[in-house]
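Please model the entire structure based on the sequences and the hints provided.
Take any residue in the sequence shown, count from 1 to its spot, add 1133: that is its number in my numbering.
Everything labelled a hint here was simulated from the structure, so no lab data went into it.
There's no promise every hint is true.
[Said to hold, decoys possible] Quick list of in silico lysine-lysine cross-link-like pairs, DSS-like style, CA-CA up to 25 Å:
no.	residue 1	residue 2
1	LYS1295	LYS1254
2	LYS1270	LYS1254
3	LYS1223	LYS1254
4	LYS1248	LYS1295
5	LYS1146	LYS1223
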Amino acid sequence: MKFRPCIDLHEGKVKQIVGGTLSDNLAPETNYVSDRSPAWYASLYRGDGLTGGHVIKLGPDNDEAALEALGAWPGGLQIGGGITAENAGKWLDAGASQVIVTSYIFQNGRLNPVKLDLLLKAVGRERLVIDLSCRRKEGAYHVVTDRWQSFTSMVVNEHSLKTLSAYCSEFLIHGVDVEGKQQGMDEELIALLAEHTPIPCVYAGGVRSMDDLETLDAAGRGRIDVTVGSALDLFGGPLPYREVVARCKN
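Next comes the structure, spelled out in structure tokens:
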């Protein structure tokens, strides 16, 4: 199990926001606002040799902050948020190792294969990460888009994971129902991913303790990497960043 660090950006600042509360009309429920720069976090991760982390732009007015983070560690961080076939190359040129996409490849609640093909042609499979963050609905995990507000018809299961693995080199999957709440993980989702993902997969959502990391490693059969956000002491939480780094490296 590998630890994948994060830099979540909202209104140009590093923040931790409760999953599913971001919208155009209301201020999101926020767990933490950092007084440190995106570059500070990127430099920290670089110094600790943590590859495969991600910068996520949560809404507008985050480009400058994202560029700052990528500039502090060229080739060391993925980027997501508003990625399209038209702008993906710009972000790769700016230093992103890979681009993360979700809402762009869905239209009217369904996967748009034309847009997926355009993105694949623009960046290639190895530099594309597909975000399949999901919420539970009617007994299944449905991918959610538009800041996790809109349910799609796509269910995260063996078929969808196998199909989409032909287009990307990795999946990023937030358990949105538990994201940012520090109330425990979605172990059922983790087990599903471990059973069916044919490519590397990163899980985020609800990790709050070292015991949770052990549980995730067991439920994920050692195949699922982890992102920890609000629970980390870097973001005001109780979980020591240094201990997480040491546990996952060992």
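Comparing the hints with the structure gives:
Among the hinted pairs, LYS1295 with LYS1254 is consistent with the structure: their alpha-carbon atoms are about 19 Å apart, no more than 25 Å. For the proposed pair LYS1270 and LYS1254, the alpha carbon gap of about 33 Å is over 25 Å, so the pair is violated. Between LYS1223 and LYS1254 the alpha-carbon distance is near 14 Å, which keeps this suggested pair within the 25 Å criterion. The hinted pair formed by LYS1248 and LYS1295 meets the criterion: a straight-line CA distance of about 18 Å does not exceed 25 Å.
Under the criterion of a C-alpha separation no larger than 25 Å, the hint pairing LYS1146 with LYS1223 is consistent with the structure, at around 21 Å.
Hint violations for this structure: number 2 only, all remaining hints satisfied.
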